[in-house]
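Participant: Modelling step: build the complete structure from the supplied sequences, incorporating the hints.
Quick mapping for you: the protein sequence lines, in order, are chains B and R. Residue numbers for the first sequence follow my numbering, so the first one is 1 and each next one is one higher. Residue numbers for the second sequence follow my numbering, so the first one is 1 and each next one is one higher.
Please note: incorrect hints may appear among the correct ones.
DSS-like mimics (lysine-lysine), calculated; alpha carbons at most 27 Å apart, straight line [to be verified]:
no., chain 1, residue 1, chain 2, residue 2
1, R, Lys72, R, Lys104
2, R, Lys104, R, Lys2
3, R, Lys72, R, Lys2
4, R, Lys72, B, Lys77
5, R, Lys104, B, Lys77
Away from chain B, derived, C-beta distances all over 12 Å, residues of chain R [said to hold, decoys possible]:
no., residue
6, Thr5
7, Gln6
8, Leu18
9, Ile38
10, Val41
11, Gly42
12, Lys45
13, Leu82
14, Val89
These are computed hints drawn from the structure, not numbers from a lab. For each residue, glycine too, the CB sits at the ideal point set by N, CA and C.
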Amino acid sequence: MLIVRERWLSRRAVSLHLAILVLVPGCVVAAWWQINRAAGGNQLSYLYSVMWPAFGLLSLYFWWMLVHTDYDNAGLKGVRRQQARAVSGDLPAPGDPPPPVAVDEDPELAAYNARLAELAAQGPKTWRARESVVVRREQ
Amino acid sequence: MKRLTQRGLEGALFRYQLMANIVGVLIIPLFLFTGLHIAKVGSFKLELAVFGVGHGYLYIVYLIAAGFLALKARLHIPWILLMFVAGLVPGLTFLVEWIIVTRKIQPLIAAQNAATATESPGVSPAAQ
Numbered sequence: 001m002l003i004v005r006e007r008w009l010s011r012r013a014v015s016l017h018l019a020i021l022v023l024v025p026g027c028v029v030a031a032w033w034q035i036n037r038a039a040g041g042n043q044l045s046y047l048y049s050v051m052w053p054a055f056g057l058l059s060l061y062f063w064w065m066l067v068h069t070d071y072d073n074a075g076l077k078g079v080r081r082q083q084a085r086a087v088s089g090d091l092p093a094p095g096d097p098p099p100p101v102a103v104d105e106d107p108e109l110a111a112y113n114a115r116l117a118e119l120a121a122q123g124p125k126t127w128r129a130r131e132s133v134v135v136r137r138e139q
Numbered sequence: 001m002k003r004l005t006q007r008g009l010e011g012a013l014f015r016y017q018l019m020a021n022i023v024g025v026l027i028i029p030l031f032l033f034t035g036l037h038i039a040k041v042g043s044f045k046l047e048l049a050v051f052g053v054g055h056g057y058l059y060i061v062y063l064i065a066a067g068f069l070a071l072k073a074r075l076h077i078p079w080i081l082l083m084f085v086a087g088l089v090p091g092l093t094f095l096v097e098w099i100i101v102t103r104k105i106q107p108l109i110a111a112q113n114a115a116t117a118t119e120s121p122g123v124s125p126a127a128q
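Facilitator: The structure is reproduced here in structure tokens:
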């Protein structure tokens, strides 16, 4: 539930929710006003009655994308943070190869551990960052 | 033309700059004619309709371009709001575009280039 709280209930996310709660009803009201004006004979309002729903849909789309934006591994700060991590070598950055496993280990266990390390490096699974690697058992 | 359809940060940056300049130019006559109309210098209904609707629809395209650039560059919300509002104020569009490009996008491109240059050569387990 930590990921839910971080994503949907952080200060940033709540301000996004508040913005969308104001913007979407506002666009609906403005669109309804222009539709009524267009029905009353104002020809210019036909164009505006399409524009307002477009603003509403756009704000919904950007609200969803901004709630799901990952600031940790991309963007200016993210790139610099990753670089600093790669230089200091403290933590493996996502995308780095996992550390080599000991040779005298059981190969199946080693493969399992490598898989676990890979999943941990990928971070939590979200609708945008789905698992891209599928492990197939060798026959 | 190639930059217009390019994927990634460079393409998004070019589309944003293009739309910022178009919208920034269009809003100047819109405000001018609105002022003249309110000051009762004459009736400018046709000009107001053309520039009003033109700016309105191109502003939607501008919002899309600016929003995709912000998502690509991971800009924070105050910067996004500044970009969106800039399309509604005459003159501010050019200033904000310059600030965003020099403060945010060019350092990001430089950092990305530096990151790919220093990347250690390693084969990912997925590629093996």
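Participant: If a hint holds in the structure, say so; if it doesn't, say that too.
Facilitator: Verification of the hints:
no. : hint               : result
1   : Lys72/R x Lys104/R : holds, 12 Å
2   : Lys104/R x Lys2/R  : holds, 23 Å
3   : Lys72/R x Lys2/R   : holds, 19 Å
4   : Lys72/R x Lys77/B  : holds, 13 Å
5   : Lys104/R x Lys77/B : holds, 10 Å
6   : Thr5               : holds, 21 Å
7   : Gln6               : holds, 18 Å
8   : Leu18              : holds, 18 Å
9   : Ile38              : holds, 18 Å
10  : Val41              : holds, 21 Å
11  : Gly42              : holds, 19 Å
12  : Lys45              : violated, 9 Å
13  : Leu82              : holds, 14 Å
14  : Val89              : holds, 17 Å
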